[in-house]
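In the order they appear, the protein sequences are chains H and Z. If you count the first sequence from 1, position 109 lands on 108 in numbering that gives the first Met the number 0, and the numbers rise without skipping. If you count the second sequence from 1, position 418 lands on 417 in numbering that gives the first Met the number 0, and the numbers rise without skipping.
Incorrect hints may appear among the rest.
For chains that are exact copies, the list does not tell them apart, and a pair is met inside one copy or across any two.
To be verified - Below, a list of computed lysine to aspartate or glutamate pairs in the DMTMM-like style, where the Cα atoms sit at most 20 Å apart:
1) Lys-700 to Glu-214
2) Lys-260 to Glu-552
3) Lys-414 to Asp-621
4) Lys-668 to Glu-365
5) Lys-686 to Asp-696
6) Lys-686 to Asp-226
7) Lys-105 to Asp-682
8) Lys-417 to Glu-210
9) Lys-272 to Glu-245
Bear in mind the hints are in silico, worked out from the structure with no lab data behind them.
2 protein chains.
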Amino acid sequence: MASLQDIGVAAGINSLTALIFLMVFAILRLQPVNDRIYFPKWYLKGIRASPISSGSLKKIVNLDPKMYLKFWNWMPAALRMPEPELIDHAGLDSAVYIRIYLLGLKIFVPITVLAFVVLVPVNWTNNTLEELKDVTFSDLDKLSISNVPAGSSRFWVHIGMIYVFSFWTMYKLYKEYKIIATMRLHFLASENRRPDQYTVLVKNVPSDPDESVSEHVDHFFVVNHPDHYLTHQVAYNANHLATLVENKKSLHNWLTYYQNKYERDPSKKPTIKTGFWGLWGQRVDAINYYAAEISKLSEEEDAEREKVMSDPKAIIPAAFVSFKSRWGAAVCAQTQQTSNPTIWLTEWAPEPRDVYWRNLAIPYVELNVRRFLVAVALFFLVFFFMIPITIVQSIANLEGIEKVLPFLKPVIEAKIIKSFIQGFLPGIALKIFLILLPTLLMFMSKIEGFTSLSSLERRSASKYHKFILVNVFLGSIVAGTALQQIHEFLNQSPAEIPKIVGVSIPMKATFFISYIMVDGWAGIAGEILRLVPFVMFHIKNTFLVKTEKDREEAMDPGSLTFAISEPRIQLYFLLGLVYAPVSPILLPFIVVFFAFAYVVFRHQVINVYDQKYESGASFWPDVHVRIMIGLVISQLLLLGLLSTKEAGETTPFLIALPLLTIWFHLFCKGRFESAFVKFPLQDAMIKDTLEKAREPDLNLKAFLEDAYIHPIFKGGEFEKPILDEESHPMVATKRNSRMGSKRVSSEGSTKLLSG
Amino acid sequence: MASLQDIGVAAGINSLTALIFLMVFAILRLQPVNDRIYFPKWYLKGIRASPISSGSLKKIVNLDPKMYLKFWNWMPAALRMPEPELIDHAGLDSAVYIRIYLLGLKIFVPITVLAFVVLVPVNWTNNTLEELKDVTFSDLDKLSISNVPAGSSRFWVHIGMIYVFSFWTMYKLYKEYKIIATMRLHFLASENRRPDQYTVLVKNVPSDPDESVSEHVDHFFVVNHPDHYLTHQVAYNANHLATLVENKKSLHNWLTYYQNKYERDPSKKPTIKTGFWGLWGQRVDAINYYAAEISKLSEEEDAEREKVMSDPKAIIPAAFVSFKSRWGAAVCAQTQQTSNPTIWLTEWAPEPRDVYWRNLAIPYVELNVRRFLVAVALFFLVFFFMIPITIVQSIANLEGIEKVLPFLKPVIEAKIIKSFIQGFLPGIALKIFLILLPTLLMFMSKIEGFTSLSSLERRSASKYHKFILVNVFLGSIVAGTALQQIHEFLNQSPAEIPKIVGVSIPMKATFFISYIMVDGWAGIAGEILRLVPFVMFHIKNTFLVKTEKDREEAMDPGSLTFAISEPRIQLYFLLGLVYAPVSPILLPFIVVFFAFAYVVFRHQVINVYDQKYESGASFWPDVHVRIMIGLVISQLLLLGLLSTKEAGETTPFLIALPLLTIWFHLFCKGRFESAFVKFPLQDAMIKDTLEKAREPDLNLKAFLEDAYIHPIFKGGEFEKPILDEESHPMVATKRNSRMGSKRVSSEGSTKLLSG
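Okay, chain H solo, but in the shape it has when bound:
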């Protein structure tokens, strides 16, 4: 294993990398030309205006030397904004998300101090490793539990410490859960009037031979909620229409591109080939071609729009039902409507931009079958994902490529290229798989039929967490593929498993330290640099942007990708908890990660990210339960490790701890979870009463009328200008901010892909 010095050198290198990233960032962000990349949030808020419009050099490159001297300023600036203002500025989701890092600091700083004061001397002052003459060891090992001789009574110190660590973690978790539940309730209570406060999503409306869906919904709620029902909005199956609009937008981008090209070089009319990917077919004038295509698609779209609006079959058996008061909606969302629990299912409506429209109309039985199949698929994905990758790897070698594409043979046979490919190919299938994994998991979650983007993200995060737990954590500790592991575990006794894993834990400390430095430190520094959006913005800015509006669209503020980042943070919690009693040397690296990530993400949340929706921190129960899982794993692994160290009399103490931890989790769940899933009537009543007193003449029906119309129909107002463009192609588009938020969501999924 590596010595302390080796670790020091590696830490130096990785810190340097991170530092260089930060330097580059600090310089790039000062250039006005990059302003939209590093401060998009302020543009979207309308506080910052584009500096490029006037066009002088000063507006592109920052020439003020004083600015460069203060380039570290962003860090204190990021920390300066107080939390209430942050919630106001970026929403509760973001504010709570960065509290996860803060929680990491709160948990691990005291644990690190304690571990270094107590455990390091206890481990260091033994000679076990020195006495074993045939074993090579390093200073690092002398700091770990490996240096304590078997059967030593010093293990009681470790037991005591894991009790202290566990109770400290639980105490902090309890406090945090309480704080965040309060924040959420306060946030919900102080929110402005919003349509989702009055609205319930009703799914599985039964079909009625005599009535349309709309009439049926109306009659049902008039009868069963006579004092509270106000109005409803049926949902349309506009999936095909949405695809058409999507296609048209892409064509429109191409049109703009060629128009720009023509403008810049009017001597040459741009042309394209009409065939597959522009490689084959007839060569035509590009601008005319795209203009014609767009107008064709527009007609098709109009027809489809008409069809959806008039065809009763396009109405799906789901509706957004609104009530006269928040109280009425809270009641309807929490109660069962009929004796058949597969029809008239009600749940609190997600906010309009959070709705995932495609999943509104899945019948009950189908939904159950889908969830079963996805669960089975997830199991195979987690444990057997290496099989298809190994197959692809065995096919995708040089000989295979030469066989399929013989004309590439001379190129491949060139020596440098050959060695490059041979070194590169084996890993590429795995790398591609890992890049695509979050998208795949999101796809699986969509199949499961959740109806809001926020719940889809939460489900994907839960799947990704399982994958990381098995393949990154367990997979790194126990050698061999997941498939071999599962086979081995099945043939081991349950008491053996923590032993096998536990014994390997101290030996893997070096590996995880470098993992934390590479993935954690450098990864976070890469996040703030925003390389992909940087490149994309400059490409778009060069080829597609004609107006201020276009430039706003070219911005890619991105958002916190909960489904990807949260499970990764969980790995650090897990590592910290597992290594705290075993090899405390790992802890400072975890602490640095949390501190650095906290500053970086606070900066990003303030200046960059634009959230797609606001769920009011409803993801916190998931975060909490996953840290608890990490805690229980750490306790079981220490139990396994100590049982090989002839410290048998400590076993009862170590068995009691996970039981207490699980009970604590159940207690927290009962105590706080309802704040995240239920809607107290008292709070609803207070808001209703206040509102009635303040605005006795409020026309709620008008307020709610269009709230839950499919965005594609709301688009009516902003799609029209595009149609106009066909006839006046030089006129600037007038897309409103709604379009902006739609674009964000589509690019959010691109980010999912590349994350």
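Given chain H, put chain Z in place with the hints provided.
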């Protein structure tokens, strides 16, 4: 292992025992003097009147020879009553309970036929056992899977059959769940107006410095359910008062006893000693003594009653809140009231006689701690209960007794007594434990803080089921104590456990066949004979009964003891499912058990049992899930068994089956469970609307006023006559029917003890 003939002989003997029991029952039930033992239900319903009052011989012994010829009549009579009438007569709980036996028949009759047609020939026509010359085997083994050679392709037939069996079981379970959900909804919908339909139990009312509990409840619900709140009833801590009343009743029994004694033999005044258990102390006149004691206790009771009614500290932070409509109550029961989920907890109120008053006031955190401790205690009880019993057994031997009680030495040393005690003692500690077990489990459930008798019974049943599963089923198959088993299982790989158990399954068929005959057949026949109530009634009738009312009290109709009997039925389901693919010879015995038990319990429900409460079959989800557990266990054990038979290629098919089964269970849960735990608003609205139309002037407040007063205060009306009795001891007591139902509940718990 036993041969077919041995089994035949054993079956003959057990059938004969059962037959003798039935004959005795058939004769006893015809005697008018036993009428109140075998037909108490009809007396309680007021349909049958006591035949003893006139006193002739004919009224005591039945002399009509024709009646004796038709003594089998009770069986067809028991089957004749149609189900709707049965529900009307005995309640839904009872009607659904006997459907469990019917479900057993529905599942196992076709399985038995199929197993005998398909599996028996497949097993029989092998020669594996005959070829193994050093193994003794019997005809019985030739019928089982043991006779199929390792690696045979005949195992595919067994795989096919377990699929057929599983799907058939699931199909029947699904249909039954559906039927019972419908029955429950219909039952609830057709019920008469009852207080619990309008009432919600509110627990954990927070304390308020300025308001009493009653005012606080009133204000909270007036504000938060302004349109629906009607009234409320606070709950009192009357536990001490209840104890006093209980004690007085016992003293009163003694008074009656001595009065009767004196009446029959006026020459001798009965006297007692006042010391411990009447063994020491001053000798006084018994009648005067008890009269004085009762009047003393009555005064104490009055003081306590006054104290409870006037002392604000006697009001506990819980209340029964009633609403103007069923809709309002359904809403309140299903929603969360405040943002703090540990206060103002609402749940649908149990019906008044179902309330378990002592548990209404447990704070939230304490409740959580209690449940955790009970869970830990249950774990130790299930796995380590043999330890204290072994200790008791080692102490309670002859030498130990002689040491403690040396004066018994000459008696014990007598040869016959000595051998009897030596044969008897080792088992007695275990036997006493097993008899006390249900009471112990009920006590643990009470600690968990459930607030209704029905939920207490369900929780106890669930605990008892776990105990039977581990100690009767697993304990009989795998030799050794549960402690040894758990140690062994922990040191085996998870894949080994089904193997170890699975391999032993065919070998234990004979054991379980005799178990079924002794416990099942003879046990059921014993149930119909009602030996304990028979003896108790005649004792009471001789010594305590003076009036018709007293005689009615001396009856012990008992009730279906769900907490004890249901887990035992589950053992038969489990045995049937486990042995169906392995040793089909066991199935006919199971079928006979279910058929016999069905007839017997239908008779008992019609003629004997008097239920303490009506929960509307809310126990069905528990029954369903336990049969599902049995099904999964049977599948895993066959998987284990086949994996030792070199039938490896069948494994994937056997792994898929439990997954499908678990999914099916989740599907059923989602589809039906809500009918048992939630309260659809539509149904509430229908009943409300009908009621409003039929009785527009209904004074609901008056109807609900006294519904949820602690029974001890309602007792005010019937306790008074007892006070009068003190001055006129010869006047008959006038206890009303409420007293009757209270007595049933206290004797029901005696039954728990002896069951």
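Hints violated by the structure (listed by number, smallest first): Of the numbered hints, 3, 7, 8, 9 do not hold.
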